[in-house]
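Student: Model the full structure from these sequences, guided by the hints.
For the sequence shown, UniProt numbering assigns the number 1 to the initial residue and increments by one for each residue that follows.
Rather than coming from a laboratory, the hints here were simulated on the basis of the structure. Keep in mind the model is a prediction, meaning the values are calculated, not measured. We put the beta carbon where it would ideally sit given N, CA and C, even for glycine. There is no bait here: all hints are sound.
Distance windows between CB atoms, simulated:
no., residue 1, residue 2, range
1, Gly248, Asn191, 26 to 36 Å
2, Asp67, Pro152, 35 to 45 Å
3, Ala57, Ala267, 32 to 42 Å
4, Gly237, Ala78, 16 to 26 Å
Calculated lysine-lysine pairs in the DSS-like style (CA-CA distance at most 30 Å, straight line):
no., residue 1, residue 2
5, Lys22, Lys37
6, Lys92, Lys37
7, Lys22, Lys92
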Amino acid sequence: MILITGATGHLGAAVLHTLLQKTAATEVAALVRDEAKAAPLQTRGVSIRVGSYGDPASLDRALLGIDTVLLISGGGEADGLQQHQNVIDAAKRAGVRRLAYTSRALHNPTTLANELMVRHFQTEDYLRASGLPHVIFRNILYMDTLPLFTGPHVVETGISLPAGAGRVAYALRREMGEAMANVLLAAPGDNRTYHFTGGTAYSFADVAAALTAAAGRPVTYSPVPVADFAAGMQARGVPAPAIERTIGFLTDIKNGQEAHVSPDLEAALGRPPATLAQAIRELYAL
1 MILITGATGH LGAAVLHTLL QKTAATEVAA LVRDEAKAAP LQTRGVSIRV GSYGDPASLD
61 RALLGIDTVL LISGGGEADG LQQHQNVIDA AKRAGVRRLA YTSRALHNPT TLANELMVRH
121 FQTEDYLRAS GLPHVIFRNI LYMDTLPLFT GPHVVETGIS LPAGAGRVAY ALRREMGEAM
181 ANVLLAAPGD NRTYHFTGGT AYSFADVAAA LTAAAGRPVT YSPVPVADFA AGMQARGVPA
241 PAIERTIGFL TDIKNGQEAH VSPDLEAALG RPPATLAQAI RELYAL
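Tutor: What follows is the structure, given as structure tokens:
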């Protein structure tokens, strides 16, 4: 049986969508904090396990009878690394045969501006040291996040970000979820790392060009100084931690952390992943 953590989140839902197309629901379990939110999954026959990363006792109960766990990384909590370690420890106690983890496809973990991302690589190290057979999915930045960076009215306002000419090999979250499900259902291939990226790395100038083509009107990209960008966010009332995190993401993009292109996603999907031009209309409702 395969257990998906974070099952009611966007990525968990994408993984489950493919699993339920390709295997019996009785072979799938979902770890959730709120059982009510998982009612549609339960109706389809998925085994619902209630628990949280911060509650080891609940994890022990949830992992009973589980062969494979997909640990979907948590959010930005201060104890996020400890939460990941709790799941790994519980999997080891339960005799789980394989644990998969959703990490990040970043060029150099030692030079990251966004320090929150470091915990992914610390989790990887802990997982390897645990001795559990494992799979690591190093995922690129979701293409779905583009509207969060550019703003929803980008066609009118253009793009102004402190990302320089940095490039990202974006991929759609649902395609990453589909690929992860395919790997989990295939032969074990334990202790392997997959780099799930798109087939091309794009700059924000490329994003502006794709928006121009889709909208039929010019959309420009203007690199701006970090200080000006931060001041603009502050003026809009964005909390300081959110400003710092956003700038961290954009600085890493500028420094080439997200530019690596790998064939792994295409291989796991059995087709080329969506291009920027294909996704823009959907993402911006154009």
